[in-house]
Amino acid sequence: MAVEKRVLFRSRGLPWLLIAPQMAIVLVFFFWPTGQALYQSLLSQDAFGTSTEFVGLENFSRLFGDELYLASFKTTAVFSLLVAVIGLSIALLLAAMVDRVSRGSRLYTTLLIWPYAVAPVIAGVLWLFLFAPTAGVVSHALRKIGIEWNHLLNADHAMALIVMAAVWKQISYNFLFFLAGLQSIPKSLIEAAAIDGAGPWRRFWTVVFPLLSPTTFFLLVINVVYAFFDTFAIIDAATQGGPGKETSILVYKLYHDGFKGLDLGGSAAQSVVLMVIVITLTMIQFRYVEKRVQY
Amino acid sequence: MVERRPLGTALAHLVLILGVSVVGFPLIVTFIASTQTAEQIVQQAPMSLWPGTNLLESYRTALFGGQSSYGSRIAPVAPMMWVSLVSAVCIALGKITISLLSAFAFVYFRFPGRGLCFWMVFVTLMLPVEVRISPTYEVVASLGLLNSFAGLTVPLIASATATFLFRQFFLTVPDELTEAARIDGAGPMRFFIDVLLPLSVTSIAALFVIQFIYGWNQYLWPLLVSTDESRYPIVMGIRRMLAGGDAANEWNVIMATAILATLPPALIVLGMQKWFVKGLVETEK
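Protein sequence lines, in the order shown, are assigned to chains A and B.
Using the numbering used here, the first residue of the first sequence is number 2, and each one after it goes up by one.
Using the numbering used here, the first residue of the second sequence is number 256, and each one after it goes up by one.
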C-alpha cells in the first residue's frame, strides 16, 4: 500500500480548514492538560492551596519513597499479569475450539462476543452480585464446599473478584483476535503436519501456536494496557480498592489521591509516571507492528 | 477439518458449551434477580434461580424511580439513558466527522506543517484520558463546561484512532478515481462528498459501532464532569445505587438497571456483528 498519494489536490486554505476542528480539540483537551500535568508535577502546593513553589523532582522522589505507592505498583503488576495470562489462555482455548468445530461456530461466536458491550462498571456490579457475601449465588455455593468467601475482609478474595470481572469483560475481544489469527493460518500447513503423523495436540503446539505468536504478543500488550487503565470502573464498583488498599491499582490511586486527597503535585507526578508507562507499552506495540508488516 | 475425530469434536463442543454458559451465567442471574423483589433476593440467601413475578415492577421502579423498601429515594434511570444515548451518539459522530475531514487533508493535500500536525494527532493515541484526568478536568472546568453535554463528550473526541483508520482507508482508494474526478472538473470537496464518502460507508459503520459502545460505557470521565443528576449517564447511576451495602441494596432495581444499561450496546454489537468485528479488528491495527 502506498504511504503517500501520487495524485493530490491543490489549495492554500482548505487543508487548514479541514484539520482545524481536530487540531483545536487536540490542543485544548490533550496538549494543554498534558502540559499542565508535566508542569504541576514539579510544583508543590500547601494544604490550603494559597501558595505554590517550584520543587523540581521532589514530588517524584517522595512518590517513590512512599510505601503505599510502591504497594500499588505491585498490586497493579499482579493484577495485570493475572488478567492478561488468564484472559488470553481462556480466549485461546475457546477460539481454538470454535475454529475446530464446523457446526455451530457462528452461534458460539455470537454467544461469546456480547460481553464486549457490557460497561466495565456493570461487569463489576454483576460479579459483585454473584459473590456478595450474603445474597450472592456463587459465594453461597462456595460456603457449601467450605470456602468462607468474603471479599470485604479477605484481600485475596477481593483480588480474585476483580480479576474474574476484568477477564470476563475482555474475553470477547481476545477471542475475536485469536479466532481471526487462527483462521488466517493456511490449512495446507496443518494438513502437512497431519500427513507427517502429528496429532491435534502436537500440531497445535508446534505449528499453530508459533504462527499465532504475533497475535498473542499484540493481545498481551493490549491486555496489560486494559488492566492498567480501563479497569478503574470494575474496581470502583466491586471493591473500591479494598479491603484496605489491596486492590487499589495505580489508576485508582491516582483518582483517589487527586480528587479525594487533593494533593496536586503528588497526583500530577502520578499522572506523569502513568504516562511514561503507557507510552512505553505503546512504543513496544508499534515497534512490533512495524516489524510484522515487513514480512 | 483435517481428519475425522468424533471424540475430539464432541470434546470441543463440550468445552464451548461450558464456556458459553460461564460467560452467560452472570447475565442470566442478573436477569432472574431483576424479576424478583428486593426482599426475596436478600432473605432467601441464596436467591432462587427461578424467575419471580416482580419483573414489571422492578423495571418500572428502575426506569421511573420510586421508593426503596427502606424509604430512601431511587433515582429514575430513564433520563440517564437519554444522557447516555446523546453522549454516545455525539462522541461517535463527532469523532467520525473530525477524523474524516482531517484524514482527507492529511492524505490528499501537501501543506506546510503537515508532518508536525500529523505527529501531534499521532501522539494522542498514546495517552488515554485516565492518565490525565485532573488537568483535563481543570481545563473543562475553566471553560465552564461542567455538567454540559459538551464537557461530557468533546474531551473524549480528542483521540486519533478514527483518523488513522480513515487515513489507511483513503490510501487504498485508487488514484484513477481522483484523476477522473479532476478531469470532470470536480474540486476537492466535491470529490470528498461524491466519491470518498460513499466509498467509506462500511468503515464509518464499523467505527460507529465501536465508538458508540465506547461512549455509552464511559464512567470515570462523567464521574468527574457530571455533578448534577440531570447529567448522569446510566452507568454512573448504577454505581450510586450500590451505596447501601450488601443487605441494604435494592438488588432487583440495580439488576434491572444493569440490564437496561447493557441492552442498547449489546443490541448494536449483535445486530451489527459484521461491522463490529471489522471495526474492532481494524481500529487496533
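FYI, nobody ran anything at the bench for these hints, they're computed from the structure.
All residues carry an ideal CB built from backbone N, CA and C; glycine is no exception.
A hint or two may mislead.
[To be verified] To be clear about the criterion: a stretch of chain A counts as covered by chain B if any three or more of its residues have a C-beta under 8 Å from a C-beta of chain B, and this derived list gives those stretches:
1. 64 to 74
2. 79 to 91
3. 104 to 111
4. 157 to 164
5. 208 to 217
[What the hints assert, rightly or not] Pair by pair, the computed Cβ-Cβ distance ranges are:
6. Lys145/A x Pro261/B: 54 to 62 Å
7. Tyr40/A x Gly321/B: 33 to 41 Å
8. Val56/A x Gly279/B: 35 to 43 Å
9. Gly279/B x Leu143/A: 46 to 54 Å
10. Met284/A x Val344/B: 51 to 59 Å
11. Leu143/A x Val344/B: 28 to 36 Å
12. Val450/B x Pro187/A: 30 to 38 Å
Identify every previously stated hint that the structure contradicts and give their numbers, smallest first. Violated hints: 1, 2, 4, 5, 6, 7, 8, 9, 10 and 11; rest satisfied.
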